[in-house]
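J.: Chains U and X, in that order, give the protein sequences.
Read in order, the letters of the first sequence are residues 1 to 114 in this note's numbering.
Read in order, the letters of the second sequence are residues 1 to 112 in this note's numbering.
Don't read these hints as lab results, they were simulated from the structure.
Positions of the beta carbon are idealized from the N, C-alpha and C atoms, including for glycine.
There could be a bad hint or two in this list.
[Stated by the list, open to error] Derived pair list, reagent style DSSO-like, types lysine-lysine, alpha-carbon separation capped at 30 Å:
no.	chain 1	residue 1	chain 2	residue 2
1	X	K69	X	K26
2	U	K57	X	K111
3	X	K56	U	K57
4	X	K56	X	K70
5	X	K26	X	K70
6	X	K56	X	K26
[Said to hold, decoys possible] Facing chain U, from chain X, some residues (calculated, C-beta under 8 Å):
no.	residue
7	G42
8	H45
9	L61
10	F102
11	G104
12	M109
13	V110
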Amino acid sequence: GAGVSQSPSNKVTEKGKDVELRCDPISGHTALYWYRQRLGQGLEFLIYFQGNSAPDKSGLPSDRFSAERTGESVSTLTIQRTQQEDSAVYLCASSLRGRNTEAFFGQGTRLTVV
Amino acid sequence: SQQGEEDPQALSIQEGENATMNCSYKTSINNLQWYRQNSGRGLVHLILIRSNEREKHSGRLRVTLDTSKKSSSLLITASRAADTASYFCATDDGNAGNMLTFGGGTRLMVKP
Chain U
1 GAGVSQSPSN KVTEKGKDVE LRCDPISGHT ALYWYRQRLG QGLEFLIYFQ GNSAPDKSGL
61 PSDRFSAERT GESVSTLTIQ RTQQEDSAVY LCASSLRGRN TEAFFGQGTR LTVV
Chain X
1 SQQGEEDPQA LSIQEGENAT MNCSYKTSIN NLQWYRQNSG RGLVHLILIR SNEREKHSGR
61 LRVTLDTSKK SSSLLITASR AADTASYFCA TDDGNAGNML TFGGGTRLMV KP
């Protein structure tokens, strides 16, 4: 596709349920990021995939959060047993491998846990 | 902790005035980038400045980088109401596999 695509764009879920968020990066982009952004706040790094290297999971806030990426394509972010504090916009971005490259962002998934 | 920290956190100016936002970071970097975000959704890349560059221009945007002070500034000249948005700096430090780390952002409001 022409840009980074995220789905769903909005998700309302009940506390305790699991949710899965999807990101389709730009074709050929080897780097993929997930960020979380709470209302009025900055971007909180969650996880970073780069090619075949082991992902950097250092930003995942708890073991309820996990993410996978199939090769250099689709990524899914899974949140188990959702809590109200998980409510936020989840942003995905992709970029070409290497230095001095810009990141392209999707429009995000707005997650609301009720 | 955040690699990039923007200053100020919020800025309100009149249309036609210049807006200056600053970013400080902690480690050595390959490059520093500025992004814009409207309405809390996807970010849009504005400009990238490499570690060996000191100043860069793009239209009404001017970015400076001082690696000795580990700081950068974004200047928007002759601001317009449409420039109202949040602006974020991001650093690529190379040591983390070219991962981008973002600061907390500056919320700019340009009043018509």
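J.: Next, verify each hint and record whether it holds.
T.: Hint-by-hint comparison with the structure:
Taking the CA atoms of K69/X and K26/X, the gap is about 9 Å. The hint holds against a cut of 30 Å. Proposed proximity of K57/U and K111/X is contradicted: the alpha carbons are some 41 Å apart, above 30 Å. As the CA atoms of K56/X and K57/U are separated by approximately 33 Å, the hinted pair breaks the 30 Å bound. Simply put, K56/X and K70/X have alpha-carbon atoms about 16 Å apart, close enough for the 30 Å limit, and the pair holds.
This hinted pair checks out: K26/X and K70/X have alpha carbons roughly 7 Å apart, not beyond 30 Å. At most 30 Å may separate the alpha-carbon atoms for a hinted pair to count; K56/X and K26/X meet this at roughly 21 Å. Hint status for G42/X: holds, given a least beta-carbon distance of 4 Å to chain U, under 8 Å. Evaluation of the H45/X hint against chain U yields a held restraint, the C-beta minimum of about 4 Å falling below 8 Å.
Taking 8 Å as the C-beta contact cut-off toward chain U, the hint placing L61/X at the interface is violated, the least distance being around 14 Å. Interface hint at F102/X: satisfied, since its Cβ lies 4 Å from the closest Cβ of chain U, which is below the 8 Å cut-off. At its closest, the beta carbon of G104/X sits 3 Å from a beta carbon of chain U; the interface hint therefore holds under the 8 Å criterion. For M109/X, the interface hint is violated, since its Cβ never comes within 8 Å of a Cβ in chain U; the closest pair sits about 13 Å apart.
Interface restraint check for V110/X: the shortest CB-CB distance to chain U comes to about 18 Å, outside 8 Å, so the restraint is violated.
Checked against the numbered hints listed earlier, the structure breaks hints 2, 3, 9, 12 and 13; every other hint is satisfied.
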